[in-house]
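Trainee: Here's the letter readout for the chains.
2 protein chains.
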Amino acid sequence: MSAASKVRRTHKTWEIVVFERGKYTSYAACGMPYYIAGKVESADDLIARKPEEFREKQNIDARTLHEVVEIDFGKKRVRVRDLEKETEFWERYDDLLIATGASPVRPEVAGIDADGIFGLSTLQSGLNVFDYMRDHLLKKVVIVGGGYIGIEMAEALLERNMKVSLLDMASEVMSTMDPDMGRLISGYMREIGVDLYLNEKLDHFESKIGKVSGIVTDKRTLDADLVILGMGTRPNTSLALKAGIAIGAKDAIRINKKMETSVANIWAAGDCAESFHLVSEQQVHIALGTVANKQGLIAGENISGGNSEFPGVVGTAITRIKDFEISRTGLNEKELKDLGIPYKTSTIISSTLPGYYPGGGEITVKLLVEKVSGRLLGGQIVGKQGAAKRIDTLATAITARMTARDIAFLDLSYAPPFSPVWDPFQIAARGLL
Amino acid sequence: MSAASKVRRTHKTWEIVVFERGKYTSYAACGMPYYIAGKVESADDLIARKPEEFREKQNIDARTLHEVVEIDFGKKRVRVRDLEKETEFWERYDDLLIATGASPVRPEVAGIDADGIFGLSTLQSGLNVFDYMRDHLLKKVVIVGGGYIGIEMAEALLERNMKVSLLDMASEVMSTMDPDMGRLISGYMREIGVDLYLNEKLDHFESKIGKVSGIVTDKRTLDADLVILGMGTRPNTSLALKAGIAIGAKDAIRINKKMETSVANIWAAGDCAESFHLVSEQQVHIALGTVANKQGLIAGENISGGNSEFPGVVGTAITRIKDFEISRTGLNEKELKDLGIPYKTSTIISSTLPGYYPGGGEITVKLLVEKVSGRLLGGQIVGKQGAAKRIDTLATAITARMTARDIAFLDLSYAPPFSPVWDPFQIAARGLL
Numbered sequence: 469m470s471a472a473s474k475v476r477r478t479h480k481t482w483e484i485v486v487f488e489r490g491k492y493t494s495y496a497a498c499g500m501p502y503y504i505a506g507k508v509e510s511a512d513d514l515i516a517r518k519p520e521e522f523r524e525k526q527n528i529d530a531r532t533l534h535e536v537v538e539i540d541f542g543k544k545r546v547r548v549r550d551l552e553k554e555t556e557f558w559e560r561y562d563d564l565l566i567a568t569g570a571s572p573v574r575p576e577v578a579g580i581d582a583d584g585i586f587g588l589s590t591l592q593s594g595l596n597v598f599d600y601m602r603d604h605l606l607k608k609v610v611i612v613g614g615g616y617i618g619i620e621m622a623e624a625l626l627e628r629n630m631k632v633s634l635l636d637m638a639s640e641v642m643s644t645m646d647p648d649m650g651r652l653i654s655g656y657m658r659e660i661g662v663d664l665y666l667n668e669k670l671d672h673f674e675s676k677i678g679k680v681s682g683i684v685t686d687k688r689t690l691d692a693d694l695v696i697l698g699m700g701t702r703p704n705t706s707l708a709l710k711a712g713i714a715i716g717a718k719d720a721i722r723i724n725k726k727m728e729t730s731v732a733n734i735w736a737a738g739d740c741a742e743s744f745h746l747v748s749e750q751q752v753h754i755a756l757g758t759v760a761n762k763q764g765l766i767a768g769e770n771i772s773g774g775n776s777e778f779p780g781v782v783g784t785a786i787t788r789i790k791d792f793e794i795s796r797t798g799l800n801e802k803e804l805k806d807l808g809i810p811y812k813t814s815t816i817i818s819s820t821l822p823g824y825y826p827g828g829g830e831i832t833v834k835l836l837v838e839k840v841s842g843r844l845l846g847g848q849i850v851g852k853q854g855a856a857k858r859i860d861t862l863a864t865a866i867t868a869r870m871t872a873r874d875i876a877f878l879d880l881s882y883a884p885p886f887s888p889v890w891d892p893f894q895i896a897a898r899g900l901l
Numbered sequence: 469m470s471a472a473s474k475v476r477r478t479h480k481t482w483e484i485v486v487f488e489r490g491k492y493t494s495y496a497a498c499g500m501p502y503y504i505a506g507k508v509e510s511a512d513d514l515i516a517r518k519p520e521e522f523r524e525k526q527n528i529d530a531r532t533l534h535e536v537v538e539i540d541f542g543k544k545r546v547r548v549r550d551l552e553k554e555t556e557f558w559e560r561y562d563d564l565l566i567a568t569g570a571s572p573v574r575p576e577v578a579g580i581d582a583d584g585i586f587g588l589s590t591l592q593s594g595l596n597v598f599d600y601m602r603d604h605l606l607k608k609v610v611i612v613g614g615g616y617i618g619i620e621m622a623e624a625l626l627e628r629n630m631k632v633s634l635l636d637m638a639s640e641v642m643s644t645m646d647p648d649m650g651r652l653i654s655g656y657m658r659e660i661g662v663d664l665y666l667n668e669k670l671d672h673f674e675s676k677i678g679k680v681s682g683i684v685t686d687k688r689t690l691d692a693d694l695v696i697l698g699m700g701t702r703p704n705t706s707l708a709l710k711a712g713i714a715i716g717a718k719d720a721i722r723i724n725k726k727m728e729t730s731v732a733n734i735w736a737a738g739d740c741a742e743s744f745h746l747v748s749e750q751q752v753h754i755a756l757g758t759v760a761n762k763q764g765l766i767a768g769e770n771i772s773g774g775n776s777e778f779p780g781v782v783g784t785a786i787t788r789i790k791d792f793e794i795s796r797t798g799l800n801e802k803e804l805k806d807l808g809i810p811y812k813t814s815t816i817i818s819s820t821l822p823g824y825y826p827g828g829g830e831i832t833v834k835l836l837v838e839k840v841s842g843r844l845l846g847g848q849i850v851g852k853q854g855a856a857k858r859i860d861t862l863a864t865a866i867t868a869r870m871t872a873r874d875i876a877f878l879d880l881s882y883a884p885p886f887s888p889v890w891d892p893f894q895i896a897a898r899g900l901l
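These protein sequence lines are chains F and Z, in that order. Using our numbering, you'd call the opening residue of the first sequence number 469 and step up by one each time. Using our numbering, you'd call the opening residue of the second sequence number 469 and step up by one each time.
Hints listed in this document are in silico derivations from the structure and should not be mistaken for laboratory results. In this text the structure is predicted, and so the values were computed from the model without any measurement. One thing to keep in mind: the hints can contain errors.
One copy or two, it doesn't matter: identical chains are merged, so the pair holds either way.
[Said to hold, decoys possible] Simulated pairs of lysine-lysine, DSBU-like, Cα-Cα distance not exceeding 30 Å:
| # | residue 1 | residue 2 |
| --- | --- | --- |
| 1 | K852 | K507 |
| 2 | K507 | K790 |
| 3 | K790 | K852 |
| 4 | K725 | K802 |
| 5 | K802 | K669 |
| 6 | K507 | K491 |
| 7 | K852 | K726 |
| 8 | K543 | K852 |
| 9 | K687 | K676 |
| 10 | K726 | K507 |
| 11 | K631 | K852 |
| 12 | K518 | K553 |
Please work from the sequences and hints to get the whole structure.
Mentor: What follows is the structure in structure tokens.
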């Protein structure tokens, strides 16, 4: 919809048709854990713009419950199934944008089809969890996977007074961070009452009368009347694959910086497509709303006749569990080792505010720089209120290829209600000089 | 002390002597308004390191109540007055660092010497205000000047249940921001009960039995039993001037990027010295603790035999009054006009958090970019919690000479408890594409 809106702003008269197999358009998928937690009053609040608004306000022909089932690029047309009427038809295009998103990974294990086992991706999937919780008296949830979804759902379900267990194969939660930082997150989660089962692997699910009742790991059986899958996502590319469009990193649709696929006049953007990583200088797959929005805008500019490039990503992400904030950008130690890039690190524990000012909290910052040049390659932050959003400055510094020295001498803002006189990440940078 | 500590870390055996005419070393001057407000329990909390700690822990001979009254660079020595014993002596140096700071501007008007009229700079000056408030039953304060000190003291004295009036010659408070942004701050200050007298000029003070009792402007007389001067600072350079050391921008000591003055082996750093502005590419005088700390570190590195340069400043600053946050970086419209740099601006009103997420507040962002290149030249932010610290990302982007387009496509962190999917300043940047 980001691309469609951009095209409409540029070309008032072009015909723009959007097919969406679900019921909703333009919603805040990232808001679902907070809806499930009860912090967002109505699911409607998560919808930025409804199909009828696109039709009425922007003359964009947004058709929900319509699934594109085939791309015929020879004839520049797509075959569309009307999911309500159960009919099919062909629609012609001049330019086609594939924005099919990604789906949560569902492991192929026994019992996976029992009721009460949910992944989270579409708005509908969040509504499904909400409705299941409303319709059943649930007490024990097991979350499989300690990434962003896992952590946010742990908070949400603690809010709902459930007993929350979290299972992860890794030694610490949040494996996009280094284990020394992940350990701090694991520790905090235990403190607030999440039962963590780390270094432990899902084997299968147990069920009673079709509903999930337990989860069996390689070490034990855990009771569960609700299971949340937070095992990552896979790009939805079957449509592109069938059409013979090239696939790239992590099974995402291959695109260049203009959002062009391998086939002329076919574009891709968002969670179904690749991105270019500015630090590793490799194609990656990062399924995040910010990236999707920007790629959509670039696709819209180019479909409109522009010549725009999406510069790329640096792998920035942020989340929070209760009042513990978590953020990261760039590459972590494992990624640097895999790429064979020599690096050094600096980790410091400081305070979000000066010691004398009330309300500050602990913050831990880890910086990773290239060994010889000192160029910033990655940053990780955990801590109390105000800690994590500092990652944006590091993401900007990485994009600008700044060194630890550049960062130490950045002219950042300081006043006691906001930060210590040397920002914690500047202290970490000084440790690398 | 920042320089002294750096030298000690590099050279364990060098003799390091520090003369300080006041009683205190290494304190958080910026914390004084919060001490006066009662948010910081003890003035001791503001002291990072006491003279005896410097002596005992770092073998730095820190002598308080010692004033350097003459520099004799021919003989590489300084004349020092022991303010307690009222004696004088000469002390030899190999390298001399001048870090004499700045003093609040005290206008030469009738009545200025009455009791109850305070500027704020040293820790002692803050203690003086605190003690005067403790020893007198004060009801009405007039603050002269609506800059950082003025705004922070307005908050502090509202906390102390005083009737607070603020006088400023400009049309809005906070004249380092553009008037359209300043207007939002003026509006908020009126909302919380500060009486603003703008476009109005101090004429003189009235007093009773030696104590200030009123302030006469070009338009009226205001009752006042306490007056706070927030009219800016002037570098303390009489010592340097007398010695024939060159003076530069805004009467600050001229230094190069290494912190060298015009005289060999004499260095200067902090509020008494110039800085290089990375956007205007001119020497400026910015009396801020962050700059002073960094300059001290660079001076320390170079005195130790290093070859370091302080890259410069971009004019970043931040403050807050109650729950209204204010920040700026780069150049404002007036500064750009004075420099003859063609520019365009983009101002947007958005929310610190997504609309559906509880706790967000209004944020206004103004960006200023070079007209043809789109390069970011300045940024200003006002708004509710979480608004102002975003300035650090803009300060980094300015330092890296990024354009509005670069900023719009930065890979910044997003999650509902932290920000909308397009950060407000990215929305402002998009308005410039």
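Trainee: Determine for every hint whether it applies to the structure shown.
Mentor: We went through each hint and held it up to the structure:
| no. | hint | verdict |
| --- | --- | --- |
| 1 | K852 - K507 | both (20 Å within a copy, 20 Å between copies) |
| 2 | K507 - K790 | both (12 Å within a copy, 26 Å between copies) |
| 3 | K790 - K852 | both (10 Å within a copy, 21 Å between copies) |
| 4 | K725 - K802 | within (26 Å within a copy, 39 Å between copies) |
| 5 | K802 - K669 | within (21 Å within a copy, 63 Å between copies) |
| 6 | K507 - K491 | within (23 Å within a copy, 52 Å between copies) |
| 7 | K852 - K726 | neither (39 Å within a copy, 37 Å between copies) |
| 8 | K543 - K852 | neither (56 Å within a copy, 54 Å between copies) |
| 9 | K687 - K676 | within (21 Å within a copy, 83 Å between copies) |
| 10 | K726 - K507 | neither (38 Å within a copy, 53 Å between copies) |
| 11 | K631 - K852 | within (24 Å within a copy, 35 Å between copies) |
| 12 | K518 - K553 | within (21 Å within a copy, 80 Å between copies) |
Checked against the numbered hints given earlier, the structure breaks hints 7, 8, 10 and satisfies all the rest.
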